[in-house]
Each structure stands twice: as structure tokens, then as C-alpha cells.
Amino acid sequence: MNFTFHRKRISGVLGIVPAKEQSFLEDMRNFNFPESRSRKLMEVMGYDKHRLVEPGVCVSDLAVAGLQHLFERGRLARDGFDAMILVTQSPDHFMPPTSNIIQGRLDLKQDLLCLDINQGCAGFVIGLIQACLLLEQACIRKVVVINADVMSRKTSPKDRNSYPLIGDAAAITVVERDAADSVIHANLKMDGTRNEALMIPAGGFRLPSTPETAVLEEVGDHNLRAKDHLRMDGSAVFNFVQVEVPPLIESLLAQAGVTKAEVDYFLCHQPNRFMLQKLADKMKVPHDRMPMNVVEHFGNSSGVTIPMAICFNLAHPLKTGQIRACLAGFGVGLTWSSMLLRLGDLSFCELIDYP
Amino acid sequence: MNTLAELLKEIRPEFDFTASRDFLADGMLDSFDMVTLVATLDKTYGISIEGVDIVPEHFQNLDTIAGLLRKYGVAGA
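Line order of the protein sequences matches chains A and B. Letter 296 of the first sequence, counting from 1, is numbered 468 in the working numbering, and no numbers are missing. Letter 42 of the second sequence, counting from 1, is numbered 46 in the working numbering, and no numbers are missing.
Just so you know, the hints here were simulated from the structure itself, not pulled from any lab data. Predicted model only: the values in this text are computed from it and were never measured. There may be inaccurate statements among the hints.
DSSO-like mimics (lysine-lysine), calculated; alpha carbons at most 30 Å apart, straight line [what the hints assert, rightly or not]:
#1 Lys432(A) x Lys47(B)
#2 Lys456(A) x Lys47(B)
#3 Lys192(A) x Lys491(A)
#4 Lys75(B) x Lys456(A)
#5 Lys330(A) x Lys13(B)
Assemble the whole structure, with the sequences as input and the hints as a guide.
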């Protein structure tokens, strides 16, 4: 599915990361994992540190802190946006929508469309597409897209294939109309037949959480996980990315009439360095044009990793100029989506700690 | 240059890789080890094994890994 949007732009990006930092080496020691193997994994996958929320911290806490930061510094007016999209897989509650909770906690205006979207690692691009669609309406002049997840709270601390890699974080991206004649191209694909590749089996209405679903089970390689926890078929996800993402991006660039050489940066979701290196090699993109360093500093925070890559790597050039960027997100659903746009002249682009 | 068995032994020194026909079923390699092995093979032989080839059936035993390497032009591995 292809999209084209005219006269829309990103005007600011803020990343919010928990102040609590854990080291991959220390985590792996808790699994009695030999340090020599951990160090090899650090070298190959890029794992080093990850940021985790303290117990009890929810998505709305990160989002409210980020929005207050922007309000207090005059970077976003409290009543200056007409829609607020929250993309998360870890809502505060099943109901009400967490975006409404954020609206209430900040006492935002009632003329505000609050919308939760259940998406993960493709969630940044999905949120941007939704924002651009809303901006086609006369009543919507500016949209706040919040990507936020606290998936560490749904990851088994005894699953060494998941826990040491996960990160919690939020990002706030402002999307608005552009006075210049800018064009944004995007595309997306979804395949629900592979929905079990990334899943939290229990806790919804199909399989409610019970004492039984909380029981840790041996799931191979001495890892223990409950049905209440995040389950990832790493091999299936890895192959999905390598097979599906390159043609998606090729198709996007063909749609836009742009060559790979004309793209300054390929800003992809950041599961680990190894997967991104293989993706870059397959696409014949030089590694220095595909940032891969988010996971080593912050962990994998699903839909937040692309805005994190922007804030962590490109804050200075994006405040003073423009780049042509190709974004690509891929994950739960399964969902894969990409977007080609001019990015720059941002009024804010920074990372802050929570609290 | 190290043999395949020696490269594997560097990753998991506790195992004899010449004695197994199925490293994964025998618990000698897990998914993390597979990734480490691919990075080692890439570096050792100056190749880049494509992501679509990083599947368990290519890493079952010394013969299947050698077969994968032949696909990338590495002879006599």
C-alpha cells in the first residue's frame, strides 16, 4: 500500500529515556553466562547498556514528562495541537485509551482527537502516516505523535534472549503542515498470518492472566518464560526482516523516483547491530549511512528506536539544515513500513532522562 | 587458517564439534552462537553471509556449514 502526502513536515522530535541504566555484562552474569561469550555478543550484536523504567512507571508517565518538558520550554503550546496519537503495546490500562489519560493528566483542551494505536517496531512510521492523514482535515493543523513502550515490564528477567536486550523509552514527534511544497512518500505491508512471531500470549481476553499463565516454563537454552511474558521467535523475525524490508525500501524509492545514493540516511528500527549490518549489506548501503548504535546505548525500545536514532545521531545537523531520510520500521503484526521525507530545520531535537 | 571445527571450538570450547551431526539438537549451538559464528565466518573468509541464509539448517553440522561457505565461494572449508 503506497501513500503520498503533500505539504507536511516533522517540526520537532524529543526522546525520553529512563535514567536507570543496566549493563549487558552484568545482566548476563545473572544467567551464569560465560563472560567470554557475552563479550563476543557485545561485539557482534552491539549490546552494552539498556535503559529500564523503575517498577510501576507507565507509558503515560514518560509521555506526560516529555510533554511538560516541551510546554515549560515553549517548544510546544499546550493548546497548539489538534490530535495526539499514542503508539504503544504497553498501555496503562485496557481501557480507557492511554492517550485520554495523558490528555486528562495535562488538562489539555477537549477539542483534541486522542487516539491509541497498538503497534510496535513499525509504530513510528505508522504513527507518522496516521498524522499525515489527519492533517488532510481542515480542523487539524498540528499532530503530536507519541511512541512509548515499557516492555521490560512484560519481559521475563530469566529469558536471556530478551531481557538483556530490551529498553524502555518514549518519543514525542510533532507533525504539521509545511508552507513549502514538500512531498512525503510512504508504504506499508502487513501479514497477520505470522502474528505469533512476536506476541504476549496471555493477558488479553483470549487467554486472561491467571496464576497458571504466570508460571515460568523452560523454553530452551535454559531460558524461563511465562505466558504473561513477551515471546519472540528470533529466527523467524530475523528472516522476515531480511526478506521483506529490502524490497519494501526499493519499492518506496522507485515510487519516489529517488536512488539510494540520493538518500542521506537510512533510519531503521534498531533491534541489534548485526541485523542492521546484514540489512545494509543486502541493500548495498554503506554502514555509515545506516545508524546502528541505539541498541548499545539504550536497548531495543520497539517503536521508539527510530526517533531515538534521530535524536542521538542527528540532533545538530537537523537543527541547522535538512537531510533526505528513508525511515523503515518492522515488527509485530507482522508489519513493515517505510517513509521517504526531508527531515530538518527542527525546532527541537534532543534526548532527556526520566525522571 | 583455522578449520571450521577450530572456529566453532573458539565459540564453544566445551564441545567436540567433530562428534555431532546436529549441533542445534545436541545443544552445542544456540541462536546467539549462530550469530557469533556468522560474524566469525564473515571476518575469517572475507565474505558477508546474507541474512536469508542464517537459518538453522545451514548450521546443523560441519558439512552443512561447509556447504554454505561453498555457496559464497569458500573452497575447502
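Cross-check of the supplied hints:
Between Lys432(A) and Lys47(B) the alpha-carbon distance is near 26 Å, which keeps this suggested pair within the 30 Å criterion. Of the supplied pair hints, the one linking Lys456(A) and Lys47(B) holds, its CA atoms being roughly 18 Å apart against a limit of 30 Å. For the given pair, Lys192(A) sits about 28 Å from Lys491(A) by alpha-carbon distance, which is consistent with the 30 Å threshold. With a C-alpha separation of about 19 Å, the suggested pair Lys75(B) and Lys456(A) falls inside the 30 Å cut-off, and the hint holds.
Distance hint between Lys330(A) and Lys13(B) is fulfilled; the C-alpha atoms sit about 27 Å from each other, no more than 30 Å.
Every hint from the earlier list agrees with this structure, and none is contradicted.
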